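Engineer: Here the protein sequences come in this chain order: F and S. If you're matching positions, the first sequence starts at 1 in my numbering and goes up one per residue. If you're matching positions, the second sequence starts at 112 in my numbering and goes up one per residue.
Everything labelled a hint here was simulated from the structure, so no lab data went into it. Note that the structure is predicted; figures quoted are calculated from it, not measured. It is possible that part of the hints are untrue.
[Said to hold, decoys possible] Calculated pairs, SDA-like style, for lysine to any residue (alpha carbon to alpha carbon, straight line, at most 25 Å):
id : chain 1 : residue 1 : chain 2 : residue 2
1  : S       : 182       : S       : 141
2  : F       : 69        : F       : 12
3  : S       : 211       : F       : 14
4  : F       : 71        : F       : 83
5  : F       : 61        : F       : 86
6  : S       : 122       : F       : 2
7  : F       : 98        : S       : 177
8  : S       : 211       : F       : 12
9  : S       : 168       : F       : 2
10 : F       : 61        : S       : 168
11 : F       : 98        : S       : 123
12 : S       : 182       : S       : 198
13 : S       : 211       : S       : 122
14 : F       : 49        : F       : 28
15 : S       : 211       : S       : 183
16 : S       : 168       : F       : 12
17 : F       : 61        : F       : 12
18 : F       : 49        : S       : 213
[Said to hold, decoys possible] Chain S is faced by these chain F residues, among others (derived, beta-carbon under 7 Å):
id : residue
19 : 40
20 : 48
21 : 98
22 : 103
[To be verified] Residues of chain S placed beyond 10 Å of chain F at every Cβ, according to the derived structure:
id : residue
23 : 125
24 : 146
25 : 155
26 : 223
Beta carbons: idealized from backbone N, C-alpha and C, even for Gly.
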Amino acid sequence: AQSVSQHNHHVILSEAASLELGCNYSYGGTVNLFWYVQYPGQHLQLLLKYFSGDPLVKGIKGFEAEFIKSKFSFNLRKPSVQWSDTAEYFCAVTGFQKLVFGTGTRLLVSP
Amino acid sequence: DTGVSQNPRHKITKRGQNVTFRCDPISEHNRLYWYRQTLGQGPEFLTYFQNEAQLEKSRLLSDRFSAERPKGSFSTLEIQRTEQGDSAMYLCASKEGNEKLFFGSGTQLSVL
Numbered sequence: 001a002q003s004v005s006q007h008n009h010h011v012i013l014s015e016a017a018s019l020e021l022g023c024n025y026s027y028g029g030t031v032n033l034f035w036y037v038q039y040p041g042q043h044l045q046l047l048l049k050y051f052s053g054d055p056l057v058k059g060i061k062g063f064e065a066e067f068i069k070s071k072f073s074f075n076l077r078k079p080s081v082q083w084s085d086t087a088e089y090f091c092a093v094t095g096f097q098k099l100v101f102g103t104g105t106r107l108l109v110s111p
Numbered sequence: 112d113t114g115v116s117q118n119p120r121h122k123i124t125k126r127g128q129n130v131t132f133r134c135d136p137i138s139e140h141n142r143l144y145w146y147r148q149t150l151g152q153g154p155e156f157l158t159y160f161q162n163e164a165q166l167e168k169s170r171l172l173s174d175r176f177s178a179e180r181p182k183g184s185f186s187t188l189e190i191q192r193t194e195q196g197d198s199a200m201y202l203c204a205s206k207e208g209n210e211k212l213f214f215g216s217g218t219q220l221s222v223l
């Protein structure tokens, strides 16, 4: 069965700092990988996804993620965070139809 | 607004009571999913439908939980004899084929 591990549960950064959130997955077959974001009081929204092709994928709001197959990783990055990036970030993997989420990383960006 | 609608937004109930939640997916989406999310955790998969067929149920889903999607459109999730451990946010999501999953705002259940 697929599983997702997010190592950082809480991250605190100052504005303009660079961000990298770790995500490792476990699944034996072909995977599709996702990052979702949940802003305070809002529903889950898709940031970006990887299905195939270029392992460096760009998403909304300046986020990107790199799929490294040999490391089973799909880390999320942003060169310069803003206060409005304060949210919870979830990595997810899908193999057979259903999406399996990690436990999430709560990001707090201080102005 | 993602287009996935869930009702009610909040439900407070006493232990032992039954509750039912409703999800209206985006109209052309054939797949509908139910997830549960507790504080500090990611959403946990409960079950999913393709049209009216329930194709998978998680082992997390005890016999007290039942979900239906009778006409392949809206879905209901019922919890019988609620327990305090059922307190969580219940999320519904839908998609068409391999497109992205759209989530609703969820129903927050509190069991007293």
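Engineer: Determine for every hint whether it applies to the structure shown.
Structural biologist: Okay, the hints, checked on the actual structure:
1. S/182 / S/141: Within the cut-off at roughly 11 Å; holds.
2. F/69 / F/12: Violated, because 28 Å separates the two Cα atoms, which is more than 25 Å.
3. S/211 / F/14: Outside the cut-off at roughly 31 Å; violated.
4. F/71 / F/83: 31 Å, violated
5. F/61 / F/86: Given that 25 Å is the threshold and the Cα spacing comes to 12 Å, the pair holds.
6. S/122 / F/2: 32 Å, violated
7. F/98 / S/177: Status holds; Cα separation ~18 Å.
8. S/211 / F/12: The given pair, whose Cα atoms are some 29 Å apart, is violated under the 25 Å limit.
9. S/168 / F/2: 15 Å, holds
10. F/61 / S/168: Violated. Residue 61 of chain F to residue 168 of chain S sits at ~35 Å, over the 25 Å cutoff.
11. F/98 / S/123: 29 Å, violated
12. S/182 / S/198: Violated, because 28 Å separates the two Cα atoms, which is more than 25 Å.
13. S/211 / S/122: 28 Å, violated
14. F/49 / F/28: 19 Å, holds
15. S/211 / S/183: 19 Å, holds
16. S/168 / F/12: 37 Å, violated
17. F/61 / F/12: 19 Å, holds
18. F/49 / S/213: 13 Å, holds
19. 40: Result: violated, 13 Å to nearest chain S Cβ.
20. 48: With Cβ-Cβ at 10 Å, over 7 Å, it is violated.
21. 98: This interface hint holds because 5 Å falls under the 7 Å limit.
22. 103: The hint holds - residue 103 of chain F has a Cβ within 7 Å of chain S, the shortest such distance being about 5 Å.
23. 125: 27 Å, holds
24. 146: Given that some Cβ of chain F is not farther than 10 Å from that of residue 146 of chain S, nearest at about 8 Å, it is violated.
25. 155: The assertion about residue 155 of chain S is violated, with a minimum of 7 Å to chain F.
26. 223: 23 Å, holds
Hint check: violations occur at hints 2, 3, 4, 6, 8, 10, 11, 12, 13, 16, 19, 20, 24, 25; the rest are consistent with the structure.
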